[in-house]
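Student: Residues per chain, in single letters:
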Amino acid sequence: MARYRNRRAFLRDLGASAAALPFVLNLPSMGFANSQARKRRLVIMFSPNGVVPKTFWPDQEGSTFTLKESLKPLEPFQKQTLIVRGLCDKVRGDGDNHMRGMGCLLTGIELFPGNIQGGSDTPAGWAKGISIDQEIKNHLQARPDSRTRFGSLEFGVMVPERADTWSRMVYAGANKPIAPIDDPYQMFRKLYGQAKDQEALKSILDDLKDDLRRIGSAVSSDDRKLIEEHASFVREMEQELKSGQRQDLGHAVPEIEPGLKHQNSDMPKLSRMQIDLMVSGFAADFARVATLQYTNSVGGARMRWAGVDEGHHELSHNPDSDQKSQDKLTKINKWFCEQLAYLAKRLAETPEPGGGGSLLDNTLIVWTNELGKGNSHTLNDIPFVLVGGGLDFKMGRSLQFKHTAHNRFLIALANGMSCPVEKFGNPRYCDEGALTGLV
Amino acid sequence: MKVLDRAARLVIAAMLGMTVEMSSATALAGDSGSTGAEIYKQKCVSCHGPAGEGTPDHYPRLLAGDRTTPALAKLIAKTMPEDAPGECVGPDAEKVAAYIHQSFYSREAQARRRRELPRIELSRLTVRQYRETVTDLIGSFRDSGPNKTDEVHGLSAKYARRNGRGRNQGKDDSINRVDPEIRFDFGSVSPIPSQQALVELSRQWAPAPVLLVPLSTFRAFSQEFRVDWSGSVEAVETGDHEFVIRTENAARLWVNDDAHALIDAGVKSGDQTEYRGTIRLLSGRRYRLRIEFFRSREKRASIALLWKPPGGALEVIPSFRLSPSRVSESFVLATPFPPDDRSMGYERGTSISKAWDQATTEGAIEVADYVAAHLCELSGAPESGPERDAKVRAFCEQFAERAFRRPLSAEQKALYVARRLQGARDLETAVKQVVLLVLKSPRFLYREAGSSVPDGYDAASRLAFGLWDSLPDATLLSEAAAGRLKTRAQILSQAERMAKDPRARVKLRLFLLRWLKVDQPPEIAKAPKLFPGFDEAVVADLRTSLVLFLDDVIASPQADFRRLLNTETLYLNGRLSHIYGGGLAADAPFQKVVIDPHKRAGVLSHPYLMANFAYTSTTSPIHRGVFLARGLLGRVLMPPPEAVAPLAADLHPSLSTRERVTLQTKPQACTTCHGMINPLGFTLEHFDAIGRYRTEEKGKPINAQGFYEAQSGETAMFDGALDLAAFLARSEETRLAFVSQLFHTLVQQPIRAFGPATPAVLAHFFASHEFNITRLMTEIMATSALTPREPSA
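As you go down the protein sequences, you meet chains A and B in turn.
Going by the working numbering, the residue at position 36 of the first sequence is 36; the numbering climbs one at a time, nothing skipped.
Going by the working numbering, the residue at position 655 of the second sequence is 655; the numbering climbs one at a time, nothing skipped.
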């Protein structure tokens, strides 16, 4: 079992009070904020092993529908929710369904032949193309008005420490998988490391100046010039630290709590930490695109906190007739849905900097999966549950498509993010262009 | 236009020069009866100023140099006054030369005039010292592992059957051996022998490990298998090393850091067969290395491990850089620093800049992050529990003590450690603050800040920075604590111990490369039509050839300086042999070869240096001569009075290089220096622009005659490199220059600050101890480590 390499205090108090207020008070000029195109953000959240259809998909289509057990946590956000059924991962070729389900999910293209042997089918390697989140990120980063410090942030929760086709869904290009960061301390360093370093530097400055004074008085007069020159550099650094302190960061550095490990029992806390970091990263406009990957395709989390002792993957193989297993799988998906709801809640609570409304009003979360259903390993009816107002989709609906290639949905996501894509992944599955009916 | 003007002027000047020479030779000896001072006032002062300081219009430079009085008199007689040479000759020239020499020209006179004696200046760590120091500072909290050098080169290998990932099937029939390098084409067979073959093979293996098992002994079956290689790799240069794995299968590579694979090609995907990863390494240090290789269902199996060191070419990592034993992970600083001042010919830390100060901040942050990330390992503290705080506190105090190279007072413990631990929110933040404050402190950044009379700890630091460019080790610190670094004998015995450490050898190697002016790998490119095959890889091999030679001399017990000048053999591999001769097989590894019997003279004719001191198509006797005069003989050469482009060879198709250079430097203004440079450089004319031996150029036999007028007044005559080498090996000038340069590299303070006689005393020591470089090195440390600094004001 791996242990995080660093221990820090984590977001103790990262509610609206700590994270949001400082920058609300620090608002940049808002004169033209509303006349410009609004910010659009996209989050893709992944959980593995399919769903239990009868506790997942609403029975109704249209704007009046009832959320079933798996999706109950979304009730507070039902009006901002769009449930899309009937999308199929039609990409075939090398690799078993778990592998293709993962590798082709956001790329829409086949895997290369390779050496990773699944439970069935031929062995395979990495996907042959870029994933849609990276395509969108590249588009946003190429334009000054949508460029951000990182462009995209790849979060993970309990992703196994091995790089293979089952553990990677984000690709910078063919054969270029991007590893999610599942260590919140590492993510914290990435987001706030510089700010923390500056704090630490400030805290030692007085003692350092004393030290230089003491040494300066102990050396000969000729040598003292060098120490005096050195002291002047330290004073300059002090000035720069003071003037540059709050410039690049719109809000206070979150405080963190130490000691979480890469272990199954810490998964709920890790999930919250990552979500909190994502929200504060959005508030600071570090990125407009994010992914959040729970475990991996075939992931075997044991959700004892949700009353499930068995591993997720082994449960997902049990037949529909095994009611106990079906109930447990429903609990598991409900837990994932709670994470989605927590993310939505945090976004809804956080005001949009420089604009009206909340972060959720300008963010679309897409929750998806590598399979439609665990025991059949089907790539039909891949779950796509959308929450938030980021892409001008008409929310508050349950939609049913007929065996439609998911590539078309990926195109719609890109277009919704103002990224002009006509075909994505294998063009064979893009014939009718972007999926219609979402807006 | 300008070019033509110049050419025309040069030709005219050349003709004039000849006339002048004739007239001065035939002039009558003059004696005006005036004193030297009177003559100077009368004939020289209008251009050179009352004290040789120069005048803006005529000679806007200080008149100073290292010629002897007779040499100066000869020059004056020949060339002065500039508007009427021949007016000051004979006794007049001698008198005025003596006056000039004594009043302001000589080094001593200059020092006297400036009323400045060289002194030991307060110095910060040089960039190299900073890097080495933080590596060793962190390394001091780790078990460094065996510091021995392996007798066998290569990597340990374990070949095993492998079914899928991680599941060994059946009994363990893996085989272990040492592979000299990683370059295998297994084809479609598996290297796992049958049980029968294994028994036979193991009989052949004992006692020495068999390096290669012929593939024919393997049972041919297309079974999945894996190979694990492990060991360490030695970096030759400091900087970014690019590692490359070529495989048709799957592999992972870890270098230095076991937690993060430098190359993760565990997934074989599509047609990709080459994978790259870059990591920063420090020269002369060994880094742990591990490879996992898997063959799954692919039809064929192959793997090669290559690298591209800084300034080098992409090559299969050669066997002599690999060892089968592992070493601990080590910290390598990535923060870039502005380069040190080298205006005196050696790196020194007597000046600082804002960029340097910022780099020390970034460096401190980088170290602090690393320490925080490895806190449990380095401090031995558990992750939690009552012991943790005490262990971390002890670690912080030790960190500060080792960084400052001396124990902390109670007050300092409070300042650097206790206050940080009390003030901060959590332990990790506190530790980072300790590291930041310690590494930003002048007590870390400066050497011997604040002590005038060196105590044992200062002596320990001087020894460690001198010989290793790094911190004192535990032995030195305990000797200092016990008061056993007070006498010359105690210092010498420590220096002798330390000279055996690989770091001392690396420093010596670095010094020799600097002495030869190639410490920074130069860009060497040659005209491809004239020198086919002389490419980047050959240049890299030539550098390796030189380094192997230097290491060979350094590592021998005699460490005889003269071997550097008179060795006949060259290290060649197959690729070099193809160009330089020696008849080696194309893939032959480096070995000592004699290719030109009785022609070659160690470094003087080493092809790497010959190619470096040459143009793309022709040799450059001037570059070679300057290298010999300035570098090996330690002469002071003024820069040319004006920038001069070399005469193009094709404008003078009939002239040999020697003739062309002679023509170009004929003007009077040139002869002051080129009279010394050219005859030295000409002695190496037998070695062409890539350092191959030749007997003729353009159909004319090579004239490699030359001479050198020593400061003693002796004129040595040479015919070719061997004569030159014999002279250099016995010349006191070479010795003084070598001794001074080594002193400066080790001590990083002016040698004369340690007494005006120090160079001569050390040079004498060197000559009377069989020119043993290692003994010279320890003697320099014994001479310098106890010298007091000037007292604080």
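Some hints could be false.
[Claimed, not checked] EDC-like cross-link-like pairs, simulated, lysine to aspartate or glutamate; straight-line CA separation at most 20 Å:
no.: 1; chain 1: A; residue 1: 242; chain 2: A; residue 2: 257
no.: 2; chain 1: A; residue 1: 209; chain 2: B; residue 2: 248
no.: 3; chain 1: A; residue 1: 176; chain 2: B; residue 2: 248
no.: 4; chain 1: B; residue 1: 413; chain 2: A; residue 2: 206
These aren't lab readings, by the way, just hints derived from the structure by calculation.
Note that this is a predicted model, so its numbers are computed, not measured.
Student: Please verify whether residue 209 of chain A and residue 248 of chain B have alpha carbons no more than 20 Å apart.
Tutor: Violated - the C-alpha atoms of residue 248 of chain B and residue 209 of chain A are around 58 Å apart, more than 20 Å.
Student: Holds or violated: are the alpha carbons of residue 176 of chain A and residue 248 of chain B at most 20 Å from each other?
Tutor: holds, 18 Å
Student: Is the straight-line distance between the alpha-carbon of residue 242 of chain A and that of residue 257 of chain A 20 Å or less?
Tutor: Given pair residue 242 of chain A, residue 257 of chain A is violated - Cα atoms ~27 Å apart, limit 20 Å.
Student: Would the hint linking residue 413 of chain B and residue 206 of chain A be met if the CA-CA limit is 20 Å?
Tutor: Roughly 16 Å separates the two Cα atoms, so the pair holds.
The structure is inconsistent with the numbered hints 1 and 2, although it conforms to all the rest.
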